[in-house]
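Enquirer: Residues per chain are reported as follows:
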Amino acid sequence: MSASTATPTDERLVSTSTLTRLLRRPELGALMGAVVVYAMFSVADTTGKFATVVGGARWTDSASTVGIVAVPVALLMIAGEFDLSSGVMVGSSGLFCGLLTTEYSVPMWPAILLTFAFAAGIGLINGWLVMLTGLPSFIVTLAMFFSLRGINLGVTKALTDTVRVAGVDQVDGFSSAEKIFGSTFWSGYDFRVAVIWWVAITLLATTVLTKSRFGNWIYAVGGDQNAARNTGVPVRRTKITLFVMTSMAAALVGIIDLTRLHSMQAGQGIGDEFQFIIAAVVGGCLLTGGFGSAIGSSIGASIIGMAFIGIAYAGWNTDWSYLFLGVILFAAVLVNTFISKRASGAKK
Amino acid sequence: MTTFEPIPEPHLTPPRAGQVPALQLKNVGKSFGSVIALRDISLHVDSGTVTCVLGDNGAGKSTLIKILSGVHQPSEGEFLVAGEPASFGSPRDALGAGIATVFQDLATVPLMSVWRNFFLGNEPRLGFGPVKFLDTTKAKRICREELLAMGIDIRDLEQPVGTLSGGERQAVAIARAVYFGAKVLILDEPTSALGVKQSGVVLRYIINARDRGVAVVFITHNPHHAHMVGDRFYLLNRGRMTNEFERKTVTREELVKAMAGGAELEALAHELEGSAVR
Chain Z
2 MSASTATPTD
12 ERLVSTSTLT
22 RLLRRPELGA
32 LMGAVVVYAM
42 FSVADTTGKF
52 ATVVGGARWT
62 DSASTVGIVA
72 VPVALLMIAG
82 EFDLSSGVMV
92 GSSGLFCGLL
102 TTEYSVPMWP
112 AILLTFAFAA
122 GIGLINGWLV
132 MLTGLPSFIV
142 TLAMFFSLRG
152 INLGVTKALT
162 DTVRVAGVDQ
172 VDGFSSAEKI
182 FGSTFWSGYD
192 FRVAVIWWVA
202 ITLLATTVLT
212 KSRFGNWIYA
222 VGGDQNAARN
232 TGVPVRRTKI
242 TLFVMTSMAA
252 ALVGIIDLTR
262 LHSMQAGQGI
272 GDEFQFIIAA
282 VVGGCLLTGG
292 FGSAIGSSIG
302 ASIIGMAFIG
312 IAYAGWNTDW
322 SYLFLGVILF
332 AAVLVNTFIS
342 KRASGAKK
Chain L
476 MTTFEPIPEP
486 HLTPPRAGQV
496 PALQLKNVGK
506 SFGSVIALRD
516 ISLHVDSGTV
526 TCVLGDNGAG
536 KSTLIKILSG
546 VHQPSEGEFL
556 VAGEPASFGS
566 PRDALGAGIA
576 TVFQDLATVP
586 LMSVWRNFFL
596 GNEPRLGFGP
606 VKFLDTTKAK
616 RICREELLAM
626 GIDIRDLEQP
636 VGTLSGGERQ
646 AVAIARAVYF
656 GAKVLILDEP
666 TSALGVKQSG
676 VVLRYIINAR
686 DRGVAVVFIT
696 HNPHHAHMVG
706 DRFYLLNRGR
716 MTNEFERKTV
726 TREELVKAMA
736 GGAELEALAH
746 ELEGSAVR
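Here the protein sequences line up with chains Z and L, keeping their order. In this text, residue positions in the first sequence follow this note's numbering: the first is 2, and each later residue adds one. In this text, residue positions in the second sequence follow this note's numbering: the first is 476, and each later residue adds one.
Think of the hints as simulated: they come from the structure by calculation, not from any bench. Computed from a prediction, not measured in an experiment: that's the story for all the values here. Check each hint, because a few of them may be wrong.
As the list claims (entries may be wrong) - Interface residues of chain L toward chain Z, partial, derived using beta-carbon atoms under 8 Å:
| hint | residue |
| --- | --- |
| 1 | LEU586 |
| 2 | GLY596 |
| 3 | PHE603 |
| 4 | VAL725 |
The C-beta atom is built at its ideal place from N, Cα and C for all residues, glycine as well.
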């Protein structure tokens with residue numbers, strides 16, 4: 002403390018005003034965007050429910066399953082890697098759990114544990130392949146995406162003769178699993194329990210990112226992999242751990258979907274990977290790595306949730322939702338780039 | 476032909492009485508396949524001194540650094556650390572033995588804050604069992620103190636390293652190496668990308684590190700910078716040690732001349748003068 006208290010008023014500190022500090026935060030752009038989107042849909046709302054607690058329960062429901070995966074995807078992007086298989090992993094793990102319970106009569110809870118182990122294994126393969134081959138994770142996980150997509154459909158059809166797994170609610174232990182993963186709370190408003198998972202994961206990831214050694218390593222491997230290696234950061238272990246975490250988060254959403262819908266489609270989750278990446282990018286993650294935040298990614302997920310629900314509440318044709326996502330993504334990247342330029346420029 | 480100082484045979488000047496050199500190479504060579512990068516290199520580096528290794532591009536400086544920092548293993552010869560034979564498999568091993576290298580690319584992450592960079596890979600933590608958090612307060616305090624001890628007063632420890640000047644970034648990297656117990660500090664061309672003033676700042680950090688008892692190996696192709704801070708000078712040319720000087724026995728002019736290959740420089744000067752007259 003002595004050194005810092007010895008110079009409490011360094012006259013040069015004027016250059017780093019509160020504004021600059023704020024501008025340096027990656028989630029600022031997302032927060033401003035969320036406020037704008039919330040205000041916009043509150044005005045456009047035709048049902049009078051969007052800006053109420055009920056409306057809140059609806060859009061957080063939609064945002065939670067995006068956010069649960071978008072947060073680890075953000076950490077992975079900060080570490081400089083992509084996971085395009087995170088969307089299809091939601092389907093794979095839901096199907097894995099569903100088939101174990103319905104086709105092989107494994108009780109629900111052991112099946113859930115096995116599903117997480119399976120997801121960890123897929124994440125491990127992603128991570129190992131990326132680190133071992135040195136190929137871009139974009140390619141490796143794209144290959145994983147298509148492989149899993151094929152396996153999902155092939156295995157489901159082979160075992161059930163249909164493209165969905167149903168009857169999970171008959172399985173031993175389903176009701177307790179449903180309580181943890183697929184139920185609602187706060188009766189009258191019926192918030193999804195997934196929202197709690199989402200908030201918990203966001204808080205955990207934020208703590209890890211800002212307060213732990215592992216968080217320091219995440220920024221380092223994404224910012225400059227060679228520098229990180231030279232200073233003794235275990236680059237390989239850091240990145241592989243993040244791939245595993247992303248995959249397991251996708252499995253959590255898979256189980257949430259399964260316990261909620263009581264069934265799983267073979268095509269579930271396909272396309273969601275881009276929503277996760279959009280949420281992370283809107284939340285301030287740089288595509289080049291080394292910069293971003295977990296809270297930002299959650300705010301990005303909120304924007305996506307608000308957009309889906311808001312468009313429906315506004316009475317607009319929901320076919321247009323994805324156009325909205327596209328525009329939001331572009332605007333967010335534009336704003337973030339502008340802000341980060343301002344933040345580093347304002348320093349001089 | 477030029478008249479070099481007669482090369483002392485053997486190259487080795489005896490180490491200071493009663494002091495084991497922090498680092499010593501005996502007749503070290505390194506070849507990559509049929510290419511001989513280094514041949515018969517002998518040098519010793521004492522604690523609390525600055526040893527300069529001078530050489531032009533392609534002289535073998537990078538190979539020498541990589542041997543000293545554990546990236547490469549010598550093909551022949553002996554590598555002694557504090558008098559004991561050493562063999563490093565990786566930079567991490569060398570670091571463990573107290574040999575820290577500040578590479579040209581600095582090993583700092585531009586987007587990360589100064590204090591996070593300072594402790595990268597060696598983060599101080601607080602907590603119980605598996606739940607441990609960064610000791611941010613301690614990290615920032617030590618970072619500020621260490622940087623001040625190196626004579627650098629960073630405005631704001633939260634600012635990204637990328638926004639610092641080149642000299643300041645060198646200082647952060649040097650201060651970090653010194654703080655984490657470097658007994659030998661190898662600096663790879665620390666002034667090559669810097670302006671005159673900033674170079675001066677970095678040279679002062681080198682002196683500061685020396686005064687803290689660190690054996691500094693300063694690799695450069697700038698004889699002027701070397702002469703300002705060096706205690707002993709080794710000249711590399713085409714993979715061989717062509718000359719060795721002590722500070723007492725060499726002037727800057729001699730060093731420049733030896734470095735530039737004297738005659739060639741004189742011939743060049745004549746040529747340029749000649750063309751200027753015309």
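Enquirer: With chain Z as the partner, please determine if VAL725 (chain L) meets the hint condition of a C-beta pair closer than 8 Å.
Expert: violated, 34 Å
Enquirer: Is the hint on LEU586 (chain L) kept, meaning its closest Cβ partner in chain Z is under 8 Å away?
Expert: Nearest chain Z Cβ about 4 Å off; hint holds.
Enquirer: Does the CB of PHE603 (chain L) sit less than 8 Å away from some CB of chain Z?
Expert: Given a least distance of 14 Å, the restraint on PHE603 (chain L) is violated.
Enquirer: Given a cut of 8 Å on the nearest C-beta pair, is the interface hint for GLY596 (chain L) held or broken against chain Z?
Expert: Holds: closest Cβ of chain Z sits about 4 Å from GLY596 (chain L), inside 8 Å.
Figure legend: structure checked against the earlier numbered hints; hints not met, in rising order: 3 and 4.
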